[in-house]
Amino acid sequence: MNLQQFKQRMKLRIIALLSLAGVLTIVFLCMLYFVTPQLSEYLRGFQFGAFGSLVLLLCASALHSCFILRNENRLRKQFIKETDERTLFIHQKTGSLGIAICGVGLCSAAIVANFFNTIIFATLLSAAGFLVVVKLGLKAYYQNKY
Amino acid sequence: MKTIIPQLRKQHKLSQEELATAVGVTRQTITSIESGRYTASLTLAYKIARHFSLSIEDVFDFSEVDTE
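Residue numbers (numbering that gives the first Met the number 0), protein chains in the order written: chain S, 0 to 145; chain Z, 0 to 67.
Treat the hints with care, as some may be off.
What the hints assert, rightly or not - Facing chain S, from chain Z, some residues (calculated, C-beta under 10 Å): (1) Tyr37; (2) Thr42; (3) Leu53.
What the hints assert, rightly or not - Restraint-style ranges between C-beta atoms, simulated for each label pair: (4) S:Val103 / Z:Leu53: 25 to 31 Å; (5) Z:Phe61 / S:Phe45: 55 to 61 Å; (6) S:Gln3 / Z:Val64: 34 to 40 Å; (7) Z:Glu63 / S:Ile98: 38 to 44 Å; (8) Z:Asp65 / S:Leu62: 40 to 46 Å; (9) Z:Arg49 / S:Lys80: 19 to 25 Å; (10) Z:His11 / S:Gln142: 39 to 45 Å; (11) Z:Arg26 / S:Arg12: 47 to 53 Å; (12) S:Gly44 / Z:Arg49: 28 to 34 Å.
Unchecked claim - DSSO-like cross-link-like pairs, simulated, lysine-lysine; straight-line CA separation at most 27 Å: (13) Z:Lys9 / S:Lys80; (14) Z:Lys46 / Z:Lys12; (15) Z:Lys9 / S:Lys92; (16) S:Lys134 / S:Lys76; (17) S:Lys92 / Z:Lys1; (18) S:Lys76 / S:Lys92; (19) Z:Lys9 / S:Lys6.
It should be emphasised that the hints constitute simulated quantities derived from the structure, not laboratory data. All C-beta atoms, glycine included, are put in the ideal place defined by N, C-alpha and C.
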């Protein structure tokens with residue numbers, strides 16, 4: 000990837016971030032109108048906080064990207080930061096190891112939960128199963144790709 | 000993997016930051032390569048070697064690979 004392609008990618012990223020923020024705001028407003036009145040005060044507060052922070056985070060990230068795009072020097076620095084091979088290597092390592100650790104953690108938690116509550120056990124087992132499916136899916140995809 | 004990048008940098012009066020910018024990586028990557036904690040990819044090794052007008056074998060020590 001060169002600097003010009005990175006610039007295009009940054010522009011696309013800004014559009015994607017703002018679109019996502021817009022969609023989330025609409026979903027949040029719909030939920031606020033249709034679903035939230037039936038929920039408890041605690042859950043309403045949690046939803047408001049979670050959705051609000053997510054939208055704010057997305058907007059802040061889009062603003063940051065705009066700020067970077069305006070200055071060639073900052074853009075070059077960001078390009079190096081995002082395409083640095085050691086950083087990408089660390090991301091790959093933490094990603095694969097992270098999934099494995101989460102899988103083992105979920106399975107262990109499911110075994111422990113089985114002694115106390117069947118619903119929690121089923122939920123944790125489903126989450127672990129989903130993780131395994133994602134891992135295997137990605138493995139199959141990348142084995143075909145490379 | 001051992002490397003003579005620190006010596007080459009000294010000869011050319013280059014800082015880690017300057018070399019990193021020239022080859023398109025972060026300063027931390029150059030630090031890790033110099034200390035032997037990270038092995039550069041073929042592309043990066045080529046860029047570094049080319050920056051000093053040397054071949055990859057001149058910059059990186061492949062004796063460990065030869066003994067494997």
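Outcome for the supplied range 34 to 40 Å, where the beta carbon pair is Gln3 of chain S and Val64 of chain Z: holds (36 Å)
Outcome for the supplied range 38 to 44 Å, where the beta carbon pair is Glu63 of chain Z and Ile98 of chain S: violated (31 Å)
Satisfaction of the hinted span 40 to 46 Å by the C-beta atoms belonging to Asp65 of chain Z and Leu62 of chain S: violated (52 Å)
Residue hint Tyr37 of chain Z, partner chain S, criterion CB-CB below 10 Å: Since chain S brings a Cβ to about 6 Å from Tyr37 of chain Z, closer than 10 Å, the hint holds.
Given hint Lys6 of chain S paired with Lys9 of chain Z - CA-CA distance at most 27 Å: Between Lys9 of chain Z and Lys6 of chain S the Cα gap is close to 34 Å, so the pair fails against 27 Å, i.e. violated.
When the least beta-carbon distance from Leu53 of chain Z to chain S is tested against 10 Å, hint result: The hint is violated - Leu53 of chain Z has no Cβ within 10 Å of chain S, the shortest such distance being about 20 Å.
Outcome of range test on Cβ distance (Arg26 of chain Z, Arg12 of chain S; 47 to 53 Å): violated (25 Å)
Supplied distance hint 25 to 31 Å, evaluated on CB atoms of Val103 of chain S and Leu53 of chain Z: The hint (25 to 31 Å, Cβ to Cβ) is violated, given that Val103 of chain S and Leu53 of chain Z are roughly 46 Å apart.
Given hint Lys92 of chain S paired with Lys76 of chain S - CA-CA distance at most 27 Å: holds (23 Å)
Distance restraint hint 39 to 45 Å, applied to the beta-carbon atoms of His11 of chain Z and Gln142 of chain S: Hint holds: Cβ distance 43 Å, inside 39 to 45 Å.
Agreement of hint Thr42 of chain Z with chain S interface, Cβ distance less than 10 Å: With a minimum Cβ separation of about 8 Å from chain S (threshold 10 Å), the hint on Thr42 of chain Z holds.
28 to 34 Å as the expected CB spacing between Arg49 of chain Z and Gly44 of chain S, which holds or is violated: violated (58 Å)
Violated hints, listed in ascending order, are 3, 4, 7, 8, 11, 12, 15, 16 and 19; each of the other numbered hints is respected by the structure.
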